[in-house]
Every structure is written in structure tokens, then in C-alpha cells.
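Residue strings, one per chain:
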Amino acid sequence: MADLRDQTLSYRLRHEWPAYLYLLPTTIVLLFLNAYPIAYTVYISLTDFGTGGRFSLLTYHYVGITNYISAFTTNASISWGLIFNSLFWAAGSVALFLLVGLGLATVLNQDLRGKTIYRTLILLPWAMPAFITILIWANMWQVDYGIINEMLATVGVAPVAWLEHTDTAWAALFVTNVWLSFPFYTVVFLAQMQSIPKDLYEAASIDGAGMFSKFGRITVPYLMPTIVFVGLMGFLFTFNNFYPIYLITSGGPGVTTQIFITQSYDDAFGASPAFSTAAMYAVLDFLIILVITVVVIWRTNLTRNWLK
Amino acid sequence: MKKQHSRRAIRILKRAASHAVLIVACLFALFPIYFMIVASFSTFPLGAISASILVPRPSQVTLTSYHAILLDQNPSFVAMLTNSLIFAGSAALIGLGLAAFTGFALSKFNFPGRRTFVYFILLISLFPSFVMILPFYLMFAKLGLIDTYIGLIIPYSAGAVVFSGILVKNYMDSIPDDIEEAALVDGLGRTEAFFRVLIPLCLPVLGLAAFLAFVGPYTDYAFAHVFIDTSNLWTLALGLYSINSPEGQGVQNYGLVCAFALVMSLPIVAFYMAFQRWIIGGLTMGAVRG
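Heads up: the protein sequence lines correspond to chains R and U, in order. Each residue of the first sequence is one higher than the one before, starting from 1 at the first, in my numbering. Each residue of the second sequence is one higher than the one before, starting from 1 at the first, in my numbering.
Chain R with its partners taken away, still in its complex shape:
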């Protein structure tokens, strides 16, 4: 709210100090209820809390990076599996979100009868809380009495044990996840497509451009900033999207669909608590997310709007 020449430190301190008062409660919350627990998690990951034998819940010791070393030596197959699964889950989901979202938005972005009705119906999955609909999907994928298998039975298809094979378990997860997210992507892309100036397309038509070249040369470049932004947000969200995996496959069969966040939860609160292992996987999760975010932001200048 001030001229540039007035932007000296002392001027800003004199005139903008009330901001600190407004931020005081939030700062307290961020320090004590966010930063401290995060630091505490890092510390637990450097101890033998819950993994050091019978009495380790009462007394635990600092063990340095021992947990991290054993994660990539004795438990290497689990850890690499988690890295692969988490990335596969996030990248695969985002690819599907973008594909379905862009496709449906393109179809909706024409003069069609009943367009508003389609748009309203497509948005319906969004009205229901995700935890509840994921639970319903988990029931729908059941091998016995799951409605999907019952429907397949009416056309003579034998029951599929969706959640007992790694491939079909992933398929079930991806279908569910697309159902949860495609309304958002469709609406965002549609809103953005409607803001593309019409004369761009008219000019392209005069030059003889077809449907696909118009999509590739006008629509996609125009939407690129949005695609990158929602793509990154979708990736970060899905990487740590707990409920679909926890409720539908529980990481199974075996640990073949387990991701960091579900493994960490199971390690901490499952049958045999291993707090230090749980904390270690949480820290690894955070480090991977951090690296990916920093690289994407650095390559695409995404924070421009947040920090202006």
C-alpha cells in the first residue's frame, strides 16, 4: 500500500507492524502444532523407539541413521517397493486425471444440448465426502457380493478377485481415484477453455486447421500453466492420499500396493508397533515430495502468483 521509494525496512516496520499481531496466533499454531511435531518425527526416526525389543516403548535410544541404513540394506525390497508404488500411484493417477479431464472438458466445450445437465451430473461425486464414497467403492470391488462382480455375472463373466492380484488391485484403485477426482479436473479445464479467445480458433479454421491440430496448437499451449499447476497439486495430493489404499486394498495383496503413508500408519498403529520405522518412512515421504516440488517450481516458476 505504499510507494516503492517508501519500502525501506524501517518504514515497513513502522507501518506494517500490525501484521505481526494478526499472525501471532497462527505462528504459535504453526510452531507448536506443526513444526514441533515434524521435528519430533525426525527425532523418532533416529531412535529405536518401538523396535528395540520388549521395553523399548518405555526407554528408547538415539541410534543415528541406523534405521535409514537398514531401510536400504536389510529391508531394501520393502523400501524400494514403497518408493515405486508411491510414485506409480501418484504419477499414474495424475496422468489419468489429466487425460479424462482434458477429454471431457473438450467434449463439453461445444454447443451441445443438455450441456448444463451433463456438467451438473459429472460434478455429483464431489458432493459426497471422499471417505464415505471410498468405503462404498471398497465394497463394490469385493469378490463375493461386490456389486461390480454381480453385474458382470449378469452378462456371464466369472467373479474377478479384484483385490487379490496386484494388477487388478491397482486397476481398482485407479478407477476409484479417477471417479473421485475427474469432476474437479473437468471443471477446471472447462473454465479455462472457455476463456480462450474464439477468434484464435476461427483464424485457425480459415487456415485449414483440423480438430486435432487446433487442440494441439491452441488449446494445450493455452492451458499449459493450468495443466502444470493442477498436475503438481494432484501429484502431491495423491502421493499422500491415504484412504483409497487404506480402505480398498490395505496395501495388499501382500505389500504390493502399499505406499509410504499407509505403510507408516500400519507400522505405527498396526499389530506390532514400530514407531521409529513409521517415523522414518514419514521422513522419506516428505523428502521425496520436497525434492519433486522444488524441482518443478524451479523449472516452471510456479510460485510467481503465491509470492507476489
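These aren't lab readings, by the way, just hints derived from the structure by calculation. Among these hints, one or two may not hold up.
Stated by the list, open to error - Calculated lysine-lysine pairs in the DSBU-like style (CA-CA distance at most 30 Å, straight line):
{"no.": "1", "chain 1": "U", "residue 1": "Lys14", "chain 2": "R", "residue 2": "Lys115"}
{"no.": "2", "chain 1": "R", "residue 1": "Lys198", "chain 2": "R", "residue 2": "Lys115"}
{"no.": "3", "chain 1": "U", "residue 1": "Lys14", "chain 2": "R", "residue 2": "Lys198"}
{"no.": "4", "chain 1": "R", "residue 1": "Lys214", "chain 2": "R", "residue 2": "Lys115"}
{"no.": "5", "chain 1": "U", "residue 1": "Lys142", "chain 2": "R", "residue 2": "Lys214"}
{"no.": "6", "chain 1": "R", "residue 1": "Lys214", "chain 2": "R", "residue 2": "Lys198"}
Given chain R, work out where chain U should sit, using these hints.
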């Protein structure tokens, strides 16, 4: 003549294909919700279900499941609903207040350290909320806060601040400074201008922030499962989960699960329908602006 004909045929074909794609998308979107509704009214025995419930006959419609979940439960549905409303309502109120002040300070003040603060919030938001359960659990076990209202309201509120703060800031950024300046010229103080001018202008985003801060705790299972032992603190999410995976039995009663799920979603769906424009607008705005 012939060329015009084929052009028209292509146009009609394109139109038909578009409708086909959209109809498939709508069926996909609707199916689970439709399934929930018909299953909740069906008379099928425990666990057993067949595709025939998808075409319900009037004679088969029954309210047994609704009767069972609303009246014959322990803890009662009303008790669980009350707990859910206490947890989610408190978290939404606290989170909303903090988010409004945070957004105001970050958007309308140019104080030293502003950038650092935004970076700090963004960094914290990268740390997955689900792994906060472990440190909170260990901290609160020491403080004796496990199995109390406060013990769950604190992490819920803390979780709401990060996302809502950024949401409110982005919205306030889009309100021209002139509006606030005009209020200052009229003799209002900065705080007064905030409460009397900015807050009313920000109602849509504040409503959205409150809604999101409410839905999270209202449907949270992961925290509640760990933090709550006694059944008189049970929330609806815990109740739904336990109906879905009854101990000792492999099969669940789909009718009960679906009826419970629908009644539990009702407040959220009603709110969503009433404020659809604000909610969709608010959530897509951030993405489109990016």
C-alpha cells in the same frame, strides 16, 4: 451437394459421439451414489446382494436399514453425530478465525518477513497430515490428552490452518487495495476496515474455508481411530467404519453401511448443493489463477 451431405453426416456423427461420451461419464459419476441409495432401501439378507437390486421393485423397498442405524445402535447415532459436530464444528471455527487473520496479514500488509512466512507455510503443507498422527499421539499420551475432546480438536484445527490460510490470502489478493484505502480515507482504522469492509467481501472464501475445515474432521477416520478409545466419544466416521467391518464377521450388511453412509453425508451434500457456486468457484479459482 454430395460433399455437403457428408459434411452434415460428420457433424451429426460428432454430435452423437459427444453425447455418448458424456452419457458414459455421467453414468460412471452417478453409479456408486445410485448403488448406495438402492442398497440402503433393499431387503437383502446380511452381505448377500445381487445385481437385481439395481432395478428395485416397490414391494422390495424397506426402511429396515434406516430404522436400525438411527434407533438400534450403541453408541446411538445421535450421540455419534453430536460428537462429530463438536469436533468438526470447533475445528472449523478455530481454523476459520486463524485463516482469516493469516490471509489478511499476508495479503494486505507488506511487512518484513512476509515471503519467509509464506515459504514456511508452504513447506509445512508438504508434510503429509496423516504422518502427524504419530507425533501428536506420543505428545498427547504424555499430556494425558488421549481420549478427550481437546485432544482431537487441537490436531484438527492445526491441520485446517495451513490450507485455509493460503486460500484466504489468494482470495484477498484479488480484492483491490483501493477498497481498503477508501475505508481508511473515510476514517476507519485498519482493523476496523478489515472487519467491516474486507470480511464481508471475503464471505465466499471464508465460507469455503469453513466448509473444508469442517468436512475434514467430520469424515476423519485415521486420527479418530488412534485418539479415541471410549465409545461415548465415538464419531460418525468411526461408527461407519465399524459397521463396515464388524468384528468377528467377514460379511457386512450392505443395507446398513449404505444407509449410514447416506445419512452421514446428508449435511455435507445439503451444504454443498446450497453453496455449490461458491465452493466450485473458490476451489477452481486457485487452480485457474496459477
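Going straight from one Cα to the other, do lysine 14(U) and lysine 115(R) come out at no more than 30 Å? 15 Å, holds
Are the Cα atoms of lysine 14(U) and lysine 198(R) separated by 30 Å or less? This hinted pair holds, its Cα atoms lying about 20 Å apart.
Do the alpha carbons of lysine 214(R) and lysine 198(R) lie within 30 Å of each other, as the hint requires? This hinted pair holds, its Cα atoms lying about 12 Å apart.
Run the distance test for lysine 198(R) versus lysine 115(R): straight-line Cα separation, threshold 30 Å. 19 Å, holds
Hint consistency between lysine 142(U) and lysine 214(R) [alpha-carbon to alpha-carbon, up to 30 Å]: With Cα atoms ~62 Å apart, lysine 142(U) and lysine 214(R) exceed 30 Å; violated.
Taking only the CA atoms, is the gap from lysine 214(R) to lysine 115(R) under or equal to 30 Å? Measuring from Cα to Cα gives roughly 22 Å; hence the hint holds.
Comparing the model with each earlier hint shows a violation of hint 5 alone; every other hint is respected.
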